[in-house]
Amino acid sequence: MTAASPAGYIGRSVPRREDRRLLLGQGSYVADLVLPGMVHAAFARSQLAHARIVSVDFARALAEPGAVFALGGAELAREMPPIGGMQVTAPKGWAERVDHRITLPPQNLMASDRVRYVGEAFAVVCADSRYAAEDAVEAIDAGFEPLPAVVDPEAASAPDAAVIHPDLGTNAVAELHVEKGDVAAAMASAPHRIRRRIRHHRYAAMPLECRGVAAEYDRRTDSLTVWSSTQVVHWVRKELAFALGMAEEKIRVLAPDVGGGFGGKGHVYPEDLIIPWLARRIGRPVRWVEDRHEHILNAAHSRDNIHDAEIGFDDTGRILAFRDDFIVDSGAYSPVGAGVAYNTTAHLLGPYHIENFAGGTVVAITNKTPNAPYRGAGRPEAVQVTERLMDIVADTLGMEPADVRLRNMIGPERMPYDVGLPYRDGVPMTYDSGDYPASLRRAIDEIGGIEAFRERQEKARAEGRWLGLGLGCYTEGTGVGPFEGATVKVDASGKIVVSTGACPIGQGHETVFAQVTADAWNVPIEDVVVLLADTSTLTMGYGSIASRSTVTSSMAIGDASDKVKAKVLAVAAHLLEASEADLELRDGRVAVKGVPDMAVSLREIAAAAAPGWLSRRPEGSEAGLEATSYYEPPTVTWAYASNAAIVEIEPDTGRVRIERYVEVHDAGRLVNPGLADGQVKGGLVQGLGGALYESIEYDEAGQLLTGSFADYLLPTAAETPPIEVVHMETPTPLNPLGVKGLGEGGAIAPPVVIANAVTDALKPFGVEFNTLPIRWQDVRAAFDS
Amino acid sequence: MKPPRFDYHAPESLDEALDLLADSGPDARILAGGQSLVPALNFRLARPSVLIDINGVAELAGIEDAGERLVIGATTRQRAIETSETVARRVPLLHEATRYVAHLPIRTRGTLGGSVANADPAAEDPAVAAALEATMVCRSRRGERRIAAAGFFIDVLTTALEPDEMLIAVEFPGIPDGAGAAFAEISRRDGDFALAGVAAQIAISNGRVADARIAACGVGPAPLRFRDAEDALLDSACGPEAIEAACDAVAASSDPHDDVHASAAYRRQLAAAMARRALNGARARAGGAA
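As you go down the protein sequences, you meet chains V and U in turn. Take the first sequence: its letter number 194 is residue 194 in my numbering, and every next letter is one higher. If you want my numbering, it's the 1-based position in the second sequence plus 1000.
No wet-lab data here; the hints were simulated from the structure. Nothing here was measured: the structure is a model prediction, and the numbers come from that model. It is possible that part of the hints are untrue.
To be verified - Chain V stretches covered by chain U per the calculated footprint, using a threshold of three residues with CB under 8 angstroms from any CB of chain U:
id : stretch
1  : 126-139
2  : 694-708
3  : 712-726
Claimed, not checked - Result set (EDC-like, lysine to aspartate or glutamate): computed pairs, CA atoms no more than 16 angstroms apart in a straight line:
id : chain 1 : residue 1 : chain 2 : residue 2
4  : V       : K763      : V       : D784
5  : U       : K1002     : V       : E138
6  : V       : K593      : V       : E580
7  : U       : K1002     : V       : D128
8  : V       : K763      : V       : E248
9  : U       : K1002     : V       : D291
10 : V       : K238      : V       : E248
Positions of the beta carbon are idealized from the N, C-alpha and C atoms, including for glycine.
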């Protein structure tokens, strides 16, 4: 890919193309779709955490006014295979290097013989309105025989626990172990050792738009059109083709405007398959729009780890050995396998040089909503462990936490740095570029310096005020494979038309890829058309998960553009009777260098390249200006950040007030700094939600206690402190644009940064905050300890 | 999250509304601002067969200064109370507490009568009514009853209203000269239901507390008025010791519950903490302070 000209669009905060329609109320979401003859689906969802289904009777439901169709899970299971075997598989390099035992439970599209979590669907009803559909759902007569609920992931793994998937024989469905160096020896000989239990709680993606699926079946062509609020349209199509026994080309999956995803819409859900099946079965369009209660019950939850970590170190704070064994509460199924769990392990070492390390994982099935990636995807849990330990090491030695970090950090002179573990793509982890110590020093400077803070803290304590400083550093693998596709063409109007597998969920993809394309082609950005999240525009795509689209789609667009530009130059050379070497592409025209009047426009070139009688392309060349490329990244690029925050505790209530929050973030070269800044800040607010507010709670019977936004507390503008983001831009050598991913970064550090800050504030009381979220009542209790 | 079927009526006069209420049986519900009822309908937690929408009954809205008392119509929006100079001057405790009611869009739609009649134990308006011994004016086709706050709030979401009765106004006594009032509250997020909220009004005369009113929301099954705490202040100079004694009494008399947001023990601590803030605030505003 050619580098952008200095006057190019990359690196500028180009206003979002999406905003005009969204701000004028002209966006269109799944819930805005009204199709002729459409019926509305509603699901009957289990109110018990674990039970055998004894009977499901639809007689009364179908007698409700407006009811059209009803179906139970057992009947559906005879029509469609379970989800399973389709989800993320282990790459070869990974499987060879990581000891693993993985037996994923199959997930029927709806519960057929037993329900395994509160909210699991066991029947679906279609009716003339959503109101009527909910009335009919209420009229389903279903009988259940309760089974013991397995709620605690440690108890789930015990030999005497009730087994939730009897065919598997155990609730511990995956075990992983990876090691480098000699942990046992290094730990045994370390001058200091500490062990801690560290817990990261359960919370989840809460996009403003819940999920939704609409589908229309065309009998004449035996084809389906499916609109899903998803981050992975091609993945949905692939599974649909398999589940329905149809050719992929007979299925078009689109994501219209999507009001946030955050990973929660990043895999295929049963509803993505059930709604199209219903549309084909009933012969009428079907729409299902998830309501908020359903979303909290049934859309994937995330995080939820218990770590037992041990760290060995010397008197200078040098880390000699690090061991972490953790259990992941997977809920009743495991929609994306052990990927998130391993992602936690892979991020435990962070920006530090630690020679001896072992990570062990158990993935436990429980009677809760399934666990899947949410912004951060295993990293916030890892970073909580490592960064709490850094502070505890500092406390043990009487050192500043910053100094312990700096003592162990990998300096820029060691880049690229071989971590010694495989990444989840199977490739050995190699930190590609960056200056970790500089980033931490910058964060400390931005927050006002350690010494100045310590003076202030001491003065405040004398006045009965409790201030704390928290730090947190991390590395983040971004731009993961396996691939992304793009098709680039010059159409008859002379516009550059780009389609790629990225699925926008609010990041500004239409703008970012227009910038990348405009620079690749040296055309005004207005001449670029960007088509996204529509399987009809691209044969194979992957989707927007894992902080990957700016890297992978940009590369695919660049590669496809190079192919098409070669054709353009060949045709132009033919038209201008000039040598290709003498031509340049500028402002939508190809001109002879130094002779601007000798030029042809892209529109003229497109006409000349077209097939047929009027074609004026070179003899023997292929007609058309179109190419598709699939970019397969060699491995991930490593973004990183350092965070610093100051909190103040109210002693009479335990309330934690965040005075300032700073993140110094490096995602390589930024395509659109304004959008990057907004995206990192949004992630930070979600991280702060996880630190202090958001928590999914179950009781001992597996009943969800936080089923609405009155009890599941999302932070709002009022809870958001002043946030400052500083962007360092160290390009990655792994791609010609130098870009890394940044979709998740913000959400990773705040939970541990706030935990560190609160622990620092209450240091005189000797209380450690190793369990999330941080509850004011626990903070208040520290004053009584 | 769609409500089950119900019949809907939108009367334009009070008499019409009361007739509908009398004729619809015990299953009917009155729809005022809808900020609690509509979510309950959508969750199918409330399943009335009849909804009587009183938003069109003009005579139920308004703030009337009636000498010693301020009469506030049941459908007066909380936002109207928040922005009323009359309320700020005559019943400053209500004025200050209203700012803690949820969020602006909710206050814009929510009504005083709706909040009082709904009797959510964490809601601010009932606590203010309890502190100030407000009078609930209730009307049915059978006639009018005037119920003092002490007899009106019975339990969680339960009041002394009969099924055919409607709360039509709340009468608040105006603040006496020289008295000060303050409301303090803590909630998990700005605008959430109170973990603990305390309403306090203190009248100081010749350096001594002549009258004290303390009530709380969020720490019992109904708004709680704390007579012991008031007694601890009466005739004192309202110094730090008397205030601490009152706060201790608030904590002791609170009857909080455990839930996912806070333990009962923590709520009790918060009740004392909010009492301290409210009492210090009220004392600072009271004239004739010692």
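Results for each hint:
1. Using a Cβ-Cβ cut-off of 8 angstroms, 5 residues of the stretch 126-139 of chain V lie near chain U, which meets the minimum of three, so the contact claim holds.
2. Note: the stretch 694-708 of chain V has 5 residues with beta-carbon separation from chain U under 8 angstroms; the three-residue rule is met and the coverage holds.
3. Counting residues of the stretch 712-726 of chain V whose CB falls under 8 angstroms from any CB of chain U gives 5; the rule of at least 3 is met.
4. About 13 angstroms separates the Cα atoms of K763 (chain V) and D784 (chain V), which keeps this hinted pair within 16 angstroms; it holds.
5. With a C-alpha separation of about 11 angstroms, the suggested pairing of K1002 (chain U) with E138 (chain V) holds against the 16 angstroms cut-off.
6. At roughly 10 angstroms between alpha-carbon atoms, K593 (chain V) and E580 (chain V) fall within 16 angstroms of each other, so this suggested pair holds.
7. Our distance criterion of 16 angstroms between C-alpha atoms is met by K1002 (chain U) and D128 (chain V), whose separation comes to about 14 angstroms.
8. Of the supplied pair hints, the one linking K763 (chain V) and E248 (chain V) is violated, its CA atoms being roughly 60 angstroms apart against a limit of 16 angstroms.
9. Restraint check: the Cα-Cα separation between K1002 (chain U) and D291 (chain V) comes to about 9 angstroms, which is no more than 16 angstroms; the hinted pair holds.
10. Distance restraint check for K238 (chain V) and E248 (chain V): the Cα-Cα separation of roughly 7 angstroms lies within the 16 angstroms cut-off, and the hinted pair is therefore satisfied.
Of the numbered hints listed earlier, the single one contradicted by the structure is hint 8.
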